[in-house]
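S.K.: Chain by chain, the residues run as shown.
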Amino acid sequence: MEEILDIASRSAERAEVFRVTSIRTPVHFEANRLKQIQTKESVSVALRLVKNGKMGFAQASGNIPPADLVNMALETSQFGFPADFDFPPLRSFVDVEVFDPQVESIGIDSMISLGQAVIDAVCVNTAGILCEGSISRGTATFEIASTGGGRASCKRTNFSISMDGMLVRDGDILYVGDIRSSCRPIMDASPVAGEIIRQLDLARSNAPLKSGTMPVIFTPFGVAGSLLAPLISAFNGKTVLDGASPIKDKKDMVIFDSKLFLSDDPTIPYQPGSTPFDDEGMPARRNALIDRGKVAQFYYDLHTAALSGSSSTGNGSRSGGMPSPSIHALVIEGGKISQADMVKDMKEGLIIEQMMGAEQGNILNGDFSGNVLLGYKVDNGEIIGRIKNTMVSGNVYQLLKEISAIGSDSRWIAGYVNTPSIYCPAIAVSAK
Amino acid sequence: MQDRLLSIIQGLKADYIEIRLDDSQSSRLVYRGERLEEAGRTASTGGCVRALVKGGWGFSSFNSLDRLAESAAMAVEQATHVGKGHSEFSPAPAVIDKVEAEYKKNPLEVPLSSKKSILDEYNRIMLETPGIQTTSIGYGDVKKKVTFASSDGSYIEQSRIDLNLRLSAIASRNADVQQVGLSIGSKGDFSTAEGLQEKVRGIAQRAVALLSAPEARGGTYTVVLDPVLAGVFVHEAFGHLSEADHIYENPQMRDLMVLGRRFGGQHLNIVDGAAVPGLRGSYRYDDEGTPASKTYLIKEGVLNSRLHSRETAARMGEQPTGNARAINYTYPPIVRMTNTYIEPGSTTFDDMISGIREGVYARDWYGGTTSLEMFTFSAGEAYMIRNGKIAEMIRPVVLSGNVFTTLHNIDAIGNDLDMNQGGGCGKAGQSPLPVSNGSPHIRIQNCLVGGK
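Chains P and B supply the protein sequences, listed in that same order. With the first letter of the first sequence counted as 1, position 416 gets the number 416 in the numbering used here; the numbers rise by one all the way through. Count along the second sequence from 1, add 1000, and you get the number used in the numbering used here.
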């Protein structure tokens, strides 16, 4: 890294290097059996530099000489945007625990037994089901260095269990599944197996459904898969800056139900989305996005903040290119009502667990429309079976303006979203 | 390199071993509104080793070639740890070949400044359209050389150049935001990204028009799809179901997908094949060294064949089709589509819509996904059909169906096959893989449309 900075500083005014070194070992299961063990090692280096006041960018992995990387970035700087921010100077960060050495010492055989334990429990519950999934452990080191003296580094571990079940009966395919991840080892398979079995039990038989408008409960999976993508887009400082966010001029206004609290929180210990600093070396912090139904704040990286006359909220993120604003870990604050009580309250309605295609509509506008991949019908306060061939459509701003109840059943979905169930009074349903 | 790779393979004990090395250079340009947000270049080298021992697989990937020998030994050790049965893997002849990148107008030889001035013009056209709030443009090209060696004694070098351009025009009024996009892709021909001024103007005007367009009422309709959206439909609704890795270990799926089962009318023919030349999903060998082929998935309405890797083919007693693909060296190859399309029929567009009292004409794509049985795909543009005529524009719709019934409901196939090269396919975390898909116009009866 220092060598790249050295070479870069000969031709550029300023430079910054970002390096990620990672190793990941996933163990894959297919058709209820161990299928494959993988080991993935990777090192990638990204360089931003400022030449003649303009930003250049290049990225490399593998055997790319530092001088080549610098030349690539210099070439692109001719076309770069005017550098409107400084790379952060050396500073100290509040400690966020994201490393557990235990993860690296978990043996392959323990991971295999863990996966097999989930599969065995699910197969005992439901004969004929085929499970596919993986148990994975990994370590990644993030390092940032800049010519202004900025230095940051962080080592993060990750352990995850994901398992999906597929059950084919009478030409009908049912999917169930769960995913959990943490910076610490997850050595108990039973919550994952328990969640899959819960879904299987609710979907034993199919229930009829007529088109119309009816109340709906989004389970934590349902919230994560159906409702969040439009909000993530709308609160992005870049979408706001471009005028493409429907809430661009709604800051400090109450446009959601007052029961709704949404924050981005990278400071929770041992969560996979947690980190002491973002991918630009800015301190990561908890940011309230929706506070008591009010649009509290948008999220920014350095460049977008500079263009907006705002400041970085520590949300600079890289996914193969220059940093852009991105959330770390979304948290919707839980309520006091159990999911069972929500169901009891419903005369006729549905529960949405998984949607398919929800994010293919006009997300910018808050629209969602999709096929209910896994959902249940409620009649007179009781779940009576699985619904199929059903589409629901709505708009998150209309849907979240008035919420009947927020659940007490918060859980993490894949380590990046923590949400309870959300009970809404009305959604449009098209059934075949 | 050939000797080095083959000698590493010979030194190890496994039922099958392959080594893949990637070497790629890419460039990209990203605009948001008036701002060029990113001009960037990427260079990457890396490799992987995959080994099969007694039915178990090991896989290891690395960036530095110094790690190759160690990584190969690890892959074999992992496979040995997994393997408890016996390996089934279709044999393949040893192939020694070198495939140079095909190109017409090589995007790598077009200076970044020329690319920028073309995109600047498109961007200006959109931004000058009254009612347009902002735009988004992403351009990328990549040249990639893949070196493959296997325990069959094969050594293959293949290079390819891929190009992708996505433009979006975003219109806004009060809190209403509407967008229309255009996606272009090509295997090594920069001229496909040139001369798009009129199309670009069209998407900007449509985005503005959408602000005043009504939403569809949800329900079932007779739906006519244009070649682009019908291509997405055939990819989602049937292509993924044809991938044998969803089938080979599942007895019930094997029953559902038994060859000879009728899926649609006599007029329905669905093809996938990397051997169809010149398209984004075209290549000479897949990532297991199997030569590309052209496969009739459905012939005259009946399930005729499916897409295979060497493992799925062996397990099902069928022939490999050359569909094992990996997006890059960090993943093992899995069964993927290449160029997927519905063959043309004879119905003209006018005949197709003339008998429809109330229906939906859906054009262009926004996205699509499948659960194998159920699929959804979303249009980028939609109109009502009333009394046999195209009527008012409506907000883009999401369509959904069940594969086992929907293909039967196709009752007209047009004569105007067109291939869409602007899409990418995602599966098992490997996305976006260059593919193409296409179709003539098709008409589907009784199709579920989401809406109020």
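Since the hints were made in silico from the structure, they are not lab data. Cβ atoms here follow ideal geometry from the backbone N, Cα and C, with glycine treated the same way. The reader is advised that the hints may include incorrect statements.
Simulated crosslink set (BS3-like; lysine-lysine; CA at most 27 angstroms straight-line) [as the list claims (entries may be wrong)]:
#1 B:K1104 x B:K1054
#2 P:K40 x B:K1427
#3 P:K248 x P:K336
#4 P:K54 x B:K1116
Restraint-style ranges between C-beta atoms, simulated for each label pair [what the hints assert, rightly or not]:
#5 P:D164 x B:R1201: 21 to 31 angstroms
#6 B:H1086 x P:G171: 49 to 59 angstroms
#7 P:D164 x B:K1084: 21 to 31 angstroms
#8 B:S1191 x P:E348: 52 to 62 angstroms
#9 P:S338 x B:Y1296: 53 to 63 angstroms
#10 B:D1120 x P:D188: 55 to 65 angstroms
#11 P:S410 x B:E1109: 34 to 44 angstroms
S.K.: Can you confirm whether the C-alpha distance between K1104 of chain B and K1054 of chain B stays at or below 27 angstroms?
M.R.: violated, 45 angstroms
S.K.: Do the beta carbons of S410 of chain P and E1109 of chain B sit within 34 to 44 angstroms of each other?
M.R.: violated, 55 angstroms
S.K.: Confirm or reject the claim that S1191 of chain B and E348 of chain P have a C-beta distance inside 52 to 62 angstroms.
M.R.: Check passed, 58 angstroms falls within 52 to 62 angstroms.
S.K.: Does the hinted range 21 to 31 angstroms hold for D164 of chain P and R1201 of chain B at CB?
M.R.: Between D164 of chain P and R1201 of chain B, where Cβ atoms are some 45 angstroms apart, the hint is violated.
S.K.: If you draw a straight line from the CA of K54 of chain P to the CA of K1116 of chain B, is it 27 angstroms or shorter?
M.R.: holds, 16 angstroms
S.K.: Within a Cα-Cα threshold of 27 angstroms, do K248 of chain P and K336 of chain P meet the stated pairing?
M.R.: violated, 32 angstroms
S.K.: Determine whether the Cβ-Cβ distance between D1120 of chain B and D188 of chain P falls within the hinted range of 55 to 65 angstroms.
M.R.: With a Cβ separation near 57 angstroms, D1120 of chain B and D188 of chain P satisfy 55 to 65 angstroms, so the hint holds.
S.K.: Taking 27 angstroms as the top limit, are the C-alpha atoms of K40 of chain P and K1427 of chain B close enough?
M.R.: holds, 19 angstroms
S.K.: State, for the Cβ atoms of H1086 of chain B and G171 of chain P, whether the hinted interval 49 to 59 angstroms holds or is violated.
M.R.: Hint violated: Cβ distance 32 angstroms, outside 49 to 59 angstroms.
S.K.: Go ahead and decide if the range 21 to 31 angstroms is satisfied by the Cβ distance of D164 of chain P to K1084 of chain B.
M.R.: Given about 23 angstroms between the Cβ atoms, the range holds.
S.K.: Could you tell me whether the CB distance from S338 of chain P to Y1296 of chain B stays inside 53 to 63 angstroms?
M.R.: holds, 54 angstroms
In this structure, the earlier hints numbered 1, 3, 5, 6 and 11 are contradicted, and the remaining ones agree with it.
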